[in-house]
Every structure is written in C-alpha cells, then in structure tokens.
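Listed in order, the protein sequences are those of chains A and B.
Just so you know, this note's numbering puts 23 at position 23 of the first sequence, and the rest follows in order with no gaps.
Just so you know, this note's numbering puts 282 at position 282 of the second sequence, and the rest follows in order with no gaps.
Keep in mind that the hints were calculated from the coordinates and are not lab data.
Hints may be right or wrong, so weigh each one.
What follows is a list of derived Cβ distance ranges for each label pair [claimed, not checked]:
id: 1; chain 1: B; residue 1: Thr327; chain 2: A; residue 2: Glu19; range: 50 to 58 Å
id: 2; chain 1: B; residue 1: Arg205; chain 2: A; residue 2: Leu57; range: 39 to 47 Å
id: 3; chain 1: B; residue 1: Ser296; chain 2: A; residue 2: Arg107; range: 40 to 48 Å
id: 4; chain 1: A; residue 1: Leu70; chain 2: B; residue 2: Thr170; range: 37 to 45 Å
id: 5; chain 1: A; residue 1: Glu32; chain 2: B; residue 2: Gly369; range: 58 to 66 Å
id: 6; chain 1: B; residue 1: Ile178; chain 2: A; residue 2: Glu19; range: 25 to 33 Å
id: 7; chain 1: A; residue 1: Asp71; chain 2: B; residue 2: Arg205; range: 27 to 35 Å
id: 8; chain 1: B; residue 1: Gly252; chain 2: A; residue 2: Arg107; range: 22 to 30 Å
id: 9; chain 1: A; residue 1: Asp23; chain 2: B; residue 2: His209; range: 29 to 37 Å
id: 10; chain 1: B; residue 1: Arg205; chain 2: A; residue 2: Asp23; range: 20 to 28 Å
id: 11; chain 1: B; residue 1: Asp211; chain 2: A; residue 2: Leu70; range: 37 to 45 Å
id: 12; chain 1: B; residue 1: Leu264; chain 2: A; residue 2: Arg68; range: 56 to 64 Å
No experiment lies behind these values; they were computed from the predicted model shown.
Where is the CB? At the ideal position from N, CA and C, for every residue including glycine.
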Amino acid sequence: MRTYLIVDDNPDFAENLAEILRDRGDDVAVAESGEEAVEAARGRRFDAVLTDMRMPLMGGAEVVHEIRRLDPGAPAMVITAHVGDDAIDAARREGLLAVLPKPVDVRRLLDLLGAAQRDGLVAGIEDDVRMSDNLC
Amino acid sequence: MSETVFEELKRYVRFGEDDERALRAFHAIARPHLPRIADVFYDRILGHSGARQALVGGESRVGQLKVTLHRWLDTLLSGPWDEAYWEGRTQIGRVHVRIGLPQHYMFGAMNVVRVELATVAYDALHTRPAELQGVRNALGKILDLELAVMLNTYRDDLLAQQARVERLSTFGQLVGSIGHDLRNPLGVIETSLYILRGRVGEDERAVKHLDRIAEQLQIANGIISNLLDMIRSRPLAKEPVRIGDVVKGAAGAVKRPAGVALALDGVDALPPVDGDPVQLRQVLLNLLENAVYAASPAGEVTVRGRRTGDAIELDVEDTGPGVDPATRRRLFEPLITTKERGIGLGLALVKKIAERHGGDVSYSDRPGGGARFTVRLPAGAA
Numbered sequence: 001m002r003t004y005l006i007v008d009d010n011p012d013f014a015e016n017l018a019e020i021l022r023d024r025g026d027d028v029a030v031a032e033s034g035e036e037a038v039e040a041a042r043g044r045r046f047d048a049v050l051t052d053m054r055m056p057l058m059g060g061a062e063v064v065h066e067i068r069r070l071d072p073g074a075p076a077m078v079i080t081a082h083v084g085d086d087a088i089d090a091a092r093r094e095g096l097l098a099v100l101p102k103p104v105d106v107r108r109l110l111d112l113l114g115a116a117q118r119d120g121l122v123a124g125i126e127d128d129v130r131m132s133d134n135l136c
Numbered sequence: 001m002s003e004t005v006f007e008e009l010k011r012y013v014r015f016g017e018d019d020e021r022a023l024r025a026f027h028a029i030a031r032p033h034l035p036r037i038a039d040v041f042y043d044r045i046l047g048h049s050g051a052r053q054a055l056v057g058g059e060s061r062v063g064q065l066k067v068t069l070h071r072w073l074d075t076l077l078s079g080p081w082d083e084a085y086w087e088g089r090t091q092i093g094r095v096h097v098r099i100g101l102p103q104h105y106m107f108g109a110m111n112v113v114r115v116e117l118a119t120v121a122y123d124a125l126h127t128r129p130a131e132l133q134g135v136r137n138a139l140g141k142i143l144d145l146e147l148a149v150m151l152n153t154y155r156d157d158l159l160a161q162q163a164r165v166e167r168l169s170t171f172g173q174l175v176g177s178i179g180h181d182l183r184n185p186l187g188v189i190e191t192s193l194y195i196l197r198g199r200v201g202e203d204e205r206a207v208k209h210l211d212r213i214a215e216q217l218q219i220a221n222g223i224i225s226n227l228l229d230m231i232r233s234r235p236l237a238k239e240p241v242r243i244g245d246v247v248k249g250a251a252g253a254v255k256r257p258a259g260v261a262l263a264l265d266g267v268d269a270l271p272p273v274d275g276d277p278v279q280l281r282q283v284l285l286n287l288l289e290n291a292v293y294a295a296s297p298a299g300e301v302t303v304r305g306r307r308t309g310d311a312i313e314l315d316v317e318d319t320g321p322g323v324d325p326a327t328r329r330r331l332f333e334p335l336i337t338t339k340e341r342g343i344g345l346g347l348a349l350v351k352k353i354a355e356r357h358g359g360d361v362s363y364s365d366r367p368g369g370g371a372r373f374t375v376r377l378p379a380g381a382a
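Bound conformation, chain A alone (with noise of 0.2 Å):
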C-alpha cells in the first residue's frame, strides 16, 4: 500500500483523485493549499506528491520546492490545466516525475504514480508529442 499526497485548490478534483486512488487500496492524503501541503509533509513521507501548478498564495513550483525541504527524495508530478506557464520551469528545475495536462489521462497517472521511487529522480516529462505540444 502506498501513500500519496494530491495538493490542488479544485476540491472536486482532488477529492475525485484521492477516490481512485484508494479504490486501489492506496492512502492518499489531500491538501487544498500549499500551505496545507506543507504541514501534511511534515513527519510523513509520502510515495509521490501530486500537485496543482496555479493554486493562490503558493503555486506547485513552491509546493514541490518546499517540500523536498522536508523530504528530498519525494517525487513530484505537476498537474496542470495552465500548460505553457513560466511557472512550468521553475518546477521542472525541481526535478519532476512528469508535468500532465488537465484533463488527465488517469491511467497514465496511475501508471506514472505506481511507477515512481523516491530519490530516483525525473522520468518521462509527457513523450506523448501531442501533448508535450501543449507544453508551451
């Protein structure tokens, strides 16, 4: 069983993620700001963290950056329905799983979730040229 924290300010959305991810038989722990997330990440460590990029006060370059304060070996994937935003670099200069367009594929989350390892960093950044189209 693996845990996972979904960071987005879209409750719905986080809430309808945090579903399927425990119908699977995982733990998955949701926070609605990045401060939130922040808290949620201290003294736990999480399998991967999925985070929002555009959320008010602390967007998901910050989240990730701020988090692996407290744990560096966590791995981040970006969610995004804003692809192409500056912000897009800052969180890649993190390291990161993956930067997904919203609306996600949830299989290829899945896949992408299940697959990642903590301190193994960046994988696949979206090879789907579509969709890296749409990464600005």
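We have chain A; now place chain B onto it with these hints.
Same frame as chain A, now just chain B:
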C-alpha cells in the same frame, strides 16, 4: 466654434478667395480638355498591373470610372470648396481604401492630373504670366488639399485596423483564459466518469451513456485545444484522414430543422488528406452550421467534393441569402458575424485550420442564389 479639418488645411496652404477665382476662370479654359485627361489618366493606371488588379470589371467599368473622374475634375475647378466638397472627396478616398488601391498608385495618379492640368494652363496662358501664376498657385493648393484628403482616409483605415488588432488581442487573452478555466470542470467530469465506469457493471444503457459522456468530453477538449491553438499557432499532428468520414461525422452532429435538406456529392471518392481529424471536423462543423443557419427554415445544403490535380476541393453550399459584398471582404476575419448569437470565430478558425494544412478557404456566390464556401486541401502522400 472650432475649425473643421478642411478649414484648418485651407488655412495652412492659404487657400483663399483669389485661388477660388483663379480656379473658376481656369475651369472655362480647361473644360474641353477634361475627357482627354481622363483617358490619359486611365491609360496610365492600366499600364500598371498592380493598379489594374484593383479595378475589377473590365472595360465598361473603366468607362464608368472615366465619367466619374471627369466629374471629379469638373468639381475640382469649379467648387464650391466647402464641407460638402470635403465630404465628397472623403467618400472617394474610402472607396480607394475599400478596393485595396495601394497608396503609392494614388500618388502617381494625382501626379498625372497635376501635369496634365499644368500643361493645359501653360498652353492657354503662357502669354499672360500673371494669370498663369495665379492659376498655378491655385492648382497647386487645391491638389495638395486633395492629397491631404486621400492620406486622411488611408490613415483612418489604418487606425481602424489597429483598433481591430487590439480588440483581437484582448479577445485572444479572454478566450485563452476561458479555455484554460474550462479545463478544470472537465477534469472533474473526466475523473468522476472514470469512477462511475468502475461501478456501473454490465448495465448496457448506463455504459452507453458513460461512453457518450466520454465522447462529448473528447469533443469539448478538442474545441478548447482548437481555440487555444488558434490563439497560439502551433504545428499540427498529421495522419491520413478520410474526408468523407469527417464530412459525414460533422453532418450527423449538426442540428437541422426538418425543412433543410442536406446532400453529399462525391465526398467518399476523395483521396485521403494528411491532417488533423479533430481540426478538420471543426472546419466542417463550422461551415455546415453556417450553411444550415443560412438555409433555414427551408432550403438546401450541399457538400460537393472533387479532386483537382494534387489537391481536393470541398464546396459547402446553401440556398440562403448569400453574403453581401460589403461583408465579403472581411468574411474570414475574427469577430465578424451576421448572426444574433455567436461571436464570429467560426470562419476565422476555418481559414486558420485550412491554411495550417497547406490549403485555403474562399467564398463565392452559389449560382442560383446563396453562398458557397470552397475549402482546398493538398491531397495526402499516396
């Protein structure tokens, strides 16, 4: 009361009563020469292929234009040079802009008038130098004022274009942010759909509707991607596409009132096209929706396909009112619409998609009434 533009310009060049008198006196002398001057003028214009292109309609059109020029020359020399005169000249300037006459041709044409009138003046008045000088001065001033009017109308057009570009850019940003915002609720719907699939089991009707929702989600996502693509300009993914299938798929998706008939002709025989099926579907959807709207409540819409050399052509025709000449020139610009609803992006998107496939779209009148839009696309590699 503040000065009008014309009054201001007349003040700058010092066009006054002496000049008006001189012009009127010259008018009597120049009148018999005016038809000949009109001939010289148009011979010169038709000598330039670029200017020739701006004059559609052939010889009878030129005949008409010569009559108009004759009248222009007549008024030039007889006045009255009042606000109505200025307004009339402005209208002519707007016609030049509307037919797309390049500005430098207008300068060349003005010069013909200047030289011809100067020659007439010299021939008639060279033994009366004071009078000749008076006429020369007056002619110089009035022709400069005419140039000013023409330049004004070109400038107005440029400013209007600028305003359109600005509106578009704001619009583009708006569309972009709407498109992005829409992806959020679509993301929720997609993930809820995923969860439902796992719970619905064998219930056939439930599964059918879940599939339907999934398909519509794809379409919605496709539309958003198209919108964002249009704003950003990006290369397309290309695959062999059977246009016949695209046409039929789009035709099935467009709501038609019972009185509007739809006929397809020759679309199945078309060779495949290298393209993006989602975008090509959008092209057909937009054209068919427009055609059905135009042909409603009762009429016909026809889609005709044919191969021409290494391209395919698709005509989408309707028996509606057609597109009036004034709208025709701006038809494929964004934000042009004659409908009550709709924001006028449809044809702009069609044009953009066609061009990004290496093709184009054009409008012509349907013989017998109505509109015909022709999409040309390069045929795919065999």
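Okay, the hints, checked on the actual structure:
no.: 1; hint: B/Thr327 - A/Glu19: 50 to 58 Å; verdict: holds, 52 Å
no.: 2; hint: B/Arg205 - A/Leu57: 39 to 47 Å; verdict: holds, 45 Å
no.: 3; hint: B/Ser296 - A/Arg107: 40 to 48 Å; verdict: holds, 43 Å
no.: 4; hint: A/Leu70 - B/Thr170: 37 to 45 Å; verdict: holds, 43 Å
no.: 5; hint: A/Glu32 - B/Gly369: 58 to 66 Å; verdict: holds, 60 Å
no.: 6; hint: B/Ile178 - A/Glu19: 25 to 33 Å; verdict: holds, 28 Å
no.: 7; hint: A/Asp71 - B/Arg205: 27 to 35 Å; verdict: violated, 48 Å
no.: 8; hint: B/Gly252 - A/Arg107: 22 to 30 Å; verdict: holds, 29 Å
no.: 9; hint: A/Asp23 - B/His209: 29 to 37 Å; verdict: violated, 21 Å
no.: 10; hint: B/Arg205 - A/Asp23: 20 to 28 Å; verdict: holds, 23 Å
no.: 11; hint: B/Asp211 - A/Leu70: 37 to 45 Å; verdict: holds, 44 Å
no.: 12; hint: B/Leu264 - A/Arg68: 56 to 64 Å; verdict: holds, 59 Å
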